[in-house]
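Given chain A, work out where chains B and C should sit, using these hints.
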Amino acid sequence: MSTYNLLNNNNIGIEIYSFIEKLFPICRSITGNGTRKTLELIKQHIPIEINDIPSNTKVFDWNVPKEWNIIDAYVKNSKGEKIIDFKISNLHILQYSISIHKKISLDELKNHLYTLEEYPNWIPYKTSYYQENWGFCMSYKQFQTLEDDEYEVFIDSTLENGSLTYGELFFKGEIEDEILFSTYICHPSMCNDNLSGVSLLTFLAKTLIDKKTKYSYRFLFIPETIGAISWLAKNENNVHKMKYGVVATCVGDSGQLTYKKTKQGNTLIDKIVEKILVDSRDSYEIVDFFPTGSDERQFSSPGFNIPVGSLVRTLYGKFPEYHTSADNMDFINSKSLQDSFTKYNSIIHVLENNVIYKNQNPKCEPNLGKRKLYDLIGANKELPSNSNSIFWLLNQSDGNTSLLEIATKSNISFIDIKNMADILVSHDLLTIVN
Amino acid sequence: MSTYNLLNNNNIGIEIYSFIEKLFPICRSITGNGTRKTLELIKQHIPIEINDIPSNTKVFDWNVPKEWNIIDAYVKNSKGEKIIDFKISNLHILQYSISIHKKISLDELKNHLYTLEEYPNWIPYKTSYYQENWGFCMSYKQFQTLEDDEYEVFIDSTLENGSLTYGELFFKGEIEDEILFSTYICHPSMCNDNLSGVSLLTFLAKTLIDKKTKYSYRFLFIPETIGAISWLAKNENNVHKMKYGVVATCVGDSGQLTYKKTKQGNTLIDKIVEKILVDSRDSYEIVDFFPTGSDERQFSSPGFNIPVGSLVRTLYGKFPEYHTSADNMDFINSKSLQDSFTKYNSIIHVLENNVIYKNQNPKCEPNLGKRKLYDLIGANKELPSNSNSIFWLLNQSDGNTSLLEIATKSNISFIDIKNMADILVSHDLLTIVN
Amino acid sequence: MSTYNLLNNNNIGIEIYSFIEKLFPICRSITGNGTRKTLELIKQHIPIEINDIPSNTKVFDWNVPKEWNIIDAYVKNSKGEKIIDFKISNLHILQYSISIHKKISLDELKNHLYTLEEYPNWIPYKTSYYQENWGFCMSYKQFQTLEDDEYEVFIDSTLENGSLTYGELFFKGEIEDEILFSTYICHPSMCNDNLSGVSLLTFLAKTLIDKKTKYSYRFLFIPETIGAISWLAKNENNVHKMKYGVVATCVGDSGQLTYKKTKQGNTLIDKIVEKILVDSRDSYEIVDFFPTGSDERQFSSPGFNIPVGSLVRTLYGKFPEYHTSADNMDFINSKSLQDSFTKYNSIIHVLENNVIYKNQNPKCEPNLGKRKLYDLIGANKELPSNSNSIFWLLNQSDGNTSLLEIATKSNISFIDIKNMADILVSHDLLTIVN
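Protein chains in written order, with my numbering: chain A, 123 to 556; chain B, 123 to 556; chain C, 123 to 556.
Bound conformation, chain A alone (with noise of 0.2 Å):
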């Protein structure tokens, strides 16, 4: 019998925007210093075990880069004013910048600096991984200060032999099935995208801690793409127990919820998000899957094929804060961080709820008025909604019939008809078949 049950903390919100503001400063990338910093500031909260794979290992078709790690970086004018430096805004370097220093004219300067002309204020968040290259990002509005001068740039970084780090943590329940919540760990200072999904998984495993559950629950923290890989490549003979996942980004901002169906479609996954945006009775956007985004990639490539949906709120590329200096602090909310963690609260509550009853009293309906079950005056076919659940539940319950069926079918949240499912049980009138 599972233990686990919804969370009832109101501050639940506030504690993830805390924790995305103590991640926020740090200066990540798909390896290095400020990823394996950050998995240890998730490991105060979880106890995810840190696991590093080697520069240079072989992971299907890709290698694990190299390890790139940046002290310091600016651009100075002739003047030797810092026009450019990193310490302010890690944005302001291109990831994976080899070292430099040299003194050089506008013209060649130009050459290596990113910036968003329709959004004139804000850095733009670019990378060259897989390309040696320098370069820095930095505002359309300062850029066309610029003047003509001698401009010395400095980057010190490495690029040399390390590994690849990324965190995991793994619930063993009452079967081998195991449920994937994976979110990427890579980005440097932007929240949405994707401090705020690091954060709610963070929180959302600590629920899982000393519950007894259905289903085993693996949680990844991961370099998006790479590590996604690196991980299938370390654990191909195990992945055939990973029967769901979702990946969590984008959690944050004011938007509705969206959810991106996964590969299949119509999965029990992605049956129980929807449900669980319908209950809340909130707009909502559903998409259908699309081989572009985020890890569900990796998951579901056709040597995989596994199930993986993203609940997100605003769909990264969506909001024009995407990749830039303006996904910070003020673009998220504890609220919308909040009410994500609720639904992904619920996935798990449904996934360990979802049982299939048996009417233990099958024919025709049973006596409830000397069960105390219902108001015994009255005559009124429109009953009150509880009765409907208990209609609902005793009519459906034929022993083939899921909970998360009858909740959907009936429109009634998978909250209301569990609850309404225990008295039944209670009182001997449903008995649970699986």
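Accuracy of the hints is not assured; some may be wrong.
One copy or two, either will do: identical chains are not told apart, so a pair holds if it fits within one copy or between any two.
Below, in silico cross-link-like pairs of lysine to aspartate or glutamate (EDC-like), each with a Cα-Cα straight-line distance of 20 Å or less [claimed, not checked]:
1. LYS494 with ASP183
2. LYS201 with ASP271
3. LYS531 with ASP392
4. LYS180 with GLU358
5. LYS480 with ASP183
6. LYS494 with GLU254
7. LYS328 with GLU143
8. LYS485 with ASP183
9. LYS356 with ASP299
10. LYS165 with ASP332
11. LYS492 with GLU254
12. LYS165 with GLU137
13. LYS365 with GLU396
14. LYS365 with ASP520
15. LYS492 with ASP183
Since the hints were derived computationally from the structure, they do not count as laboratory data.
Same frame as chain A, but now just chains B and C:
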């Protein structure tokens, strides 16, 4: 070969209405003489068998209740004026009230009064079958005029061992598979709910007398819930023959027709009723199954799972007159009853004629011209609609496709396509497979 | 490996139009020299085989009719003026009129005149294939001017044993499964119905000459109805090889494209045509199968059940010019013919290229960067659309999913995704399964 035809009687609505008028004054309940008298009047039309099940008989989770009969009931004020009089409206009495005769204060009386504040002129209909009690129902308007006084309450009723009485009529067809038409006879003086159903099924059953039919048909005139439960308990071993059913109720009001689907939702009976509604070219509504409602609840409980739908006009509970004194002879009309009857009549007609044909000339079209089957001049691909039905029948009659499927796919009315099928059979172009 | 390519010829519409112009003056019917002459002209373009079936041959429920040839026909008034002259329009003659030469009153003449009151300037097209008769068709406007007079009617025709003539062209492919393209050659001087279909299929067949194809293709140029019946009767034993078909008619008017689905409704040919219409980004209409229409009626009769659809512009009978003298060279245009041709051409192209691929690197995504398959800078989840097609192909190519399915699911045009598939094959990332 079925000899069942559609009834061609434009006065059937008036006849159904007149019979309702005759049944209206009787005080019915789930047991007792009113119900028995109602069945005797039905028996003057159709040869129903009237059955009694003794009180206290165990029927699944229930016991047949004691038999209730009421002789008189009133409330007098201190001046001796009858302010509530059962003889004026049998809705004044809370059904299953026990005998009482005493003087009480207004305050005490109020504990036993039922009113309907939203419709202050109407008397509500209330019951207390399974909890001994007594009470009166009255209009809220009159309730407000009650003064502080000493009231004489008088109820002369009996609640003792007797029996539950129901009527049943079975027509044996060529095959054992049987179709249920069920209605409930337990409501006192209310017309739409449910004398309309009782009277309609009486006249529907009449159309089957002395007819040869493919299916067997069973008509039940039973007290709601406990009657259905009792019948199912008594006939448990033969219930597997019951393939589909329809519960008749609320078929006399002026609203559009509504079909409440079976639990299974897409069975033959569902398709038949939907096609009949489409063919009518009138507006209608189709609602999904819900497990509250009338006796379809018992027939489709998981121990029986019989697909039973319900064809009504305005759904119970959706009209304000429901379960009040306003559900009277003015609330129903013969035109609606005629229309409802026609649809019920059509259900049997389609069931009896939904055969599968096989094209006897399956390779290319037969030469219709040489058979004088259509106008020989003309090269118009837009053929007249009766030609359309010829071509649909010939094209689709592959020995697997039923006439109902062809009618539905082609959007030709079942009657029209059936008539054309008869012609093609007479030309040896089609033959009946089953 | 198929060598079939899309025809790249912007003048094909003009060529189709010119060929219609050449065929227009000929008086065709279901038999006779006009039809034979039409087939000879087609043979100047493509190597059709011209077949004759003798009159009176039994073909299923029918007999091949006598051969009808007409030399001349007119009506003269008493002044000797030809008021109706077959030489001016071959629509003036009721098809299959027998010879006559006599003087008759206006009243008697009127029994043999066919007009179209709604469109008073147009001559209707009428036939009397299977009942001996004679008659003239004329504009209603002229009909109204007819005065009481003695008229000389003259028809010089022959109706005697001869043959029914049709053309056939078969392209043998790698597999026996064959695709039918059928059109009818029996209509006299009318353009949209159906010289447009005749000319389009002539040029479509041309694209297959000297090509290696996977499927076999069969082109039929037959008299409508009796021609299809005759062909099916003669080829009954080989019809099982015919897997799908399309009837070409009314492909030259300025209306949008309309696809009439096959009887089965959801077969490969239906999916292909629908995808081609979607890819065009033009408006179009899809209509369900109906069993009147053209020769799809015979091919999908229950004895054969071949899925045959019809891709037309404005559906026959839906344009007022249908079966009148107004269906002339002005009613069609080369732009529409070009567009219709392109779609028919695409049907073969999709059939030939709808292969199933298998991802050769199925576990996680391959490293596209090292293969120079997309821009190496950038971390944007919203990839450019050609990257999208890469990811769709890699994600979906599990060895079971056809290219058409991937194109449909991704809403990427078949051409675009096919081009990208070729690139991925050249990089050994995909391989063809079937």
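Numbers of the earlier hints that this structure fails to satisfy, in rising order: none
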